[in-house]
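Enquirer: Each chain, written out:
Number of protein chains: 2
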Amino acid sequence: MQIICLQENLKQALNITERIIGRNLTLPILNNLLLTTENNRLKISSTNLEIGIISWINGKIEKPGEITIPAKLLSNFIGNLPNKKIEMRVKGSQLHLKCENFKAVLNGLEAKEFPIIPKIKDKPLIRIKGGVLKANLSQVVEMTSLSDSRPEISGVLMNFEKNTIKLAATDSFRLAEKIISHNQKESINQAMIIPQKTIQELIRILGEKEAANDNQGQEVEIILGNNQVLFNLGDVQIISRLIEGQYPDYQQIIPKNFTTHATLIRTELINNIRVASLFSGKVNNVQFFIRSKPALIEIFAKDIDVGENKSQIEAKIEGKEIEIVFNCRYILDGLNNIMSDKVILGLNNNSSPVIIKPVGDASYTYLVMPIKA
Amino acid sequence: MQIICLQENLKQALNITERIIGRNLTLPILNNLLLTTENNRLKISSTNLEIGIISWINGKIEKPGEITIPAKLLSNFIGNLPNKKIEMRVKGSQLHLKCENFKAVLNGLEAKEFPIIPKIKDKPLIRIKGGVLKANLSQVVEMTSLSDSRPEISGVLMNFEKNTIKLAATDSFRLAEKIISHNQKESINQAMIIPQKTIQELIRILGEKEAANDNQGQEVEIILGNNQVLFNLGDVQIISRLIEGQYPDYQQIIPKNFTTHATLIRTELINNIRVASLFSGKVNNVQFFIRSKPALIEIFAKDIDVGENKSQIEAKIEGKEIEIVFNCRYILDGLNNIMSDKVILGLNNNSSPVIIKPVGDASYTYLVMPIKA
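Going down the list, the protein sequences come from chains X and U. Every number in the numbering used here is 52 more than the matching position in the first sequence, counting from 1. Every number in the numbering used here is 52 more than the matching position in the second sequence, counting from 1.
The set of hints was computed from the structure by calculation and includes no laboratory data. Accuracy of the hints is not assured; some may be wrong.
Which copy? The list can't say, so a pair holds if one copy fits it or any two copies do.
What the hints assert, rightly or not - 25 Å max Cα-Cα, derived SDA-like pairs, lysine to any residue:
| # | residue 1 | residue 2 |
| --- | --- | --- |
| 1 | 63 | 354 |
| 2 | 345 | 320 |
| 3 | 345 | 232 |
| 4 | 214 | 233 |
| 5 | 372 | 411 |
| 6 | 63 | 111 |
| 7 | 175 | 352 |
| 8 | 164 | 358 |
| 9 | 334 | 71 |
| 10 | 214 | 333 |
| 11 | 181 | 372 |
| 12 | 354 | 333 |
| 13 | 115 | 255 |
| 14 | 63 | 357 |
| 15 | 334 | 79 |
| 16 | 95 | 111 |
| 17 | 424 | 375 |
This one's a predicted model, so the numbers in the text were calculated from it and none came from an experiment.
Please model the entire structure based on the sequences and the hints provided.
Expert: Dropping the structure here:
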């Protein structure tokens, strides 16, 4: 292999691919990035055996070839070089590099040992703008379960239907649902559960491309393979295994009618809950009193060792008064994923979930189970 | 105790004092801040038994008194309140607080259990501008020894002489010296070794006051007590124990004459060493070749597992050529504490230290011992 490329392009491709690589002592090749030439471009691949990331960059390919190089070393090295032309040449299992006044030799491993990243050649389910996908996935991704006991909720559900994609994530204590509209003509009807880590990487990479001004309205193809999914960003592909199993029928636990509605300013609610959380002990229990005369929400927390705190927020209250206890961290997670100035809370009684929605946006629903008194 | 003060003032005083407080399980009172009223002001004190910090703020003292409150709780609580008036009232061992729509009760411990922070009433050795003190101490503070085996070099030397204060720090592998000029008329001749942690806190607090636009040219009094030092910033005092022992006579190891001088651009040298450091192995060894034909510094590092790297930097070279090996991290620490565009290196042979100085500033000297071949 012998190629010339620009430092800036190579640096970006390394940043995108190297982040899924940890420190693998049993299988050292997993610490490495695979560099190959393909159709007059340099292709950089990484895998942790669950997720594979491939990035292509332009360059002058003088001689095709391939090698694997430790990811952190290559990325740190290239990241510190000046933004000039880099010459790379493979000799045996070493990569020789030149850039301005720098000359280096990096020890690698043979490319043939590198695990195969599956190829998915099916037709895309859908094409969607990268920015839209990123913004919507970001609103649900943290709500997945971190426990291994129910793998089917350890990922994000993507439910493709006519005109919509429904995203959902839950850990059984709280749930977020986000509905993306689409106007693709062909009918699709598919559901998949994608590991949280994959969604986090997809969000990160879309963010890096946004920051590099590199995805002005760029579309992402979502392609379903054999228990695998491919997010095709054009010059970057993310391939991930899917989670097997049946996602719970969460729709049935979302109440449709409420006896109490409270509308209030989101940042005030966040701030008052944050103060209360200092007094909420290890269980994070915070009491909410929704009062109609005067119309306000009172927030109370008490810990026998620490002390107690009470605060009030003006609110528009419709329906009956209610007292209810929540884990305040779950409420905060939802509020922090809403962008609107005001939020509306829908409640029924102190053993039914609360629904939190942005005012003026029907596409996002956040649900939290109460703590039973 | 019953007082009213502004959230912003209280928040700043808490930030300044609470940072030295860790998590002390054997002596819980050390997790607390002492709040007392003194001369119509609120006085907040913290101590870790080595360093004490006291901060005074204005307020309306309706009833004098005192209490201690867990530092992190109080600081998080006050930090999240709106910037309005706060009413505080001590009842038994509890502090009752009110601020707008927030009401809280914080459990405390009795003030009489709080350790005494020594009072130092001597005459100041010197008065010096806070900004000057901070900038100069910052250039030496990281060079102290982290080992317990030689406590006398685990702190920063402050050597007060006629017209100058000499600051020095070393871990025996490298050394930094900074000379501050002063024009105080009374003659002073005192030396003290101040723990690194104290200097770090002093720098942090001067920085916070700078950020709050609160020390426009404000002077710091340095007062020597009985094995204690007091830095008096006016509304903040830092009291610390001193390190006992004799600081090494470091002047004798700083060479005064050199066979080789190299002048080059500081950021280029930093960048090339940083690249070389990736190939410098666990011992951080990097080779420097100072060449006169052509005039340049060549930097080389090789690690049998990783690979090797060579780079060149243009330099003005005076005197004879030399090859020498350094721990690159020590060289970087010095270069990162120099502000000038260019630096000058003074060398003699491959077993003598290198001296690094900013071009155009005689007040800073950085010395690194070479690694013997």
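Enquirer: Does each hint fit the structure? Answer for all of them.
Expert: Do the hints match the structure? See the list:
For the homomeric pair residue 63 and residue 354, the shortest alpha-carbon distance between copies (23 Å) is at most 25 Å, but the shortest distance inside one copy (51 Å) is not. In this assembly of identical chains, residue 345 and residue 320 lie within 25 Å of each other by CA distance solely inside one copy; the values are 20 Å within and 69 Å between copies. In the homo-oligomer, the alpha carbons of residue 345 and residue 232 never lie at most 25 Å apart, since the shortest distance is 39 Å inside one protomer and 67 Å across protomers. Only within a single protomer do residue 214 and residue 233 lie at most 25 Å apart by alpha-carbon distance; the minimum there is 9 Å, versus 77 Å between protomers.
For the homomeric pair residue 372 and residue 411, the shortest alpha-carbon distance inside one copy (20 Å) is at most 25 Å, but the shortest distance between copies (76 Å) is not. For a Cα distance limit of 25 Å, the shortest separation of residue 63 from residue 111 inside one copy, 13 Å, qualifies, whereas the shortest one across copies, 55 Å, does not. In the homo-oligomer, the alpha carbons of residue 175 and residue 352 never lie at most 25 Å apart, since the shortest distance is 54 Å inside one protomer and 52 Å across protomers. In this assembly of identical chains, the alpha carbons of residue 164 and residue 358 lie at most 25 Å apart only when taken from different copies (20 Å versus 60 Å within one copy).
Taking identical chains as interchangeable, the C-alpha atoms of residue 334 and residue 71 lie at most 25 Å apart only when they sit on different chains, with a minimum of 23 Å there against 33 Å within one chain. Taking the shortest Cα distances, residue 214 and residue 333 never come within 25 Å of each other, neither inside one copy (46 Å) nor across copies (57 Å). With identical chains, the CA atoms of residue 181 and residue 372 are never at most 25 Å apart, being 43 Å at best within one copy and 63 Å at best between copies. Proximity of residue 354 and residue 333 under a CA criterion of 25 Å is satisfied intra-copy only: 8 Å inside one chain copy versus 53 Å between copies.
Proximity of residue 115 to residue 255 under the C-alpha cut-off of 25 Å is found in neither arrangement, the shortest distances being 35 Å within a copy and 56 Å between copies. For the identical chains of this complex, residue 63 and residue 357 are inter-copy neighbours only, at 23 Å across copies versus 52 Å inside a copy, given an alpha-carbon limit of 25 Å. Proximity of residue 334 to residue 79 under the C-alpha cut-off of 25 Å is restricted to the inter-copy arrangement: shortest distance 22 Å between copies versus 40 Å within a copy. In this homomeric assembly, residue 95 and residue 111 come within 25 Å of each other (Cα to Cα) only inside a single copy, at 10 Å, whereas the closest approach across copies is 65 Å.
Taking the closest pair of Cα atoms, residue 424 and residue 375 come within 25 Å of each other only inside a single copy of the chain (11 Å); across copies the shortest separation is 74 Å, beyond that limit.
The structure is inconsistent with the numbered hints 3, 7, 10, 11, 13, although it conforms to all the rest.
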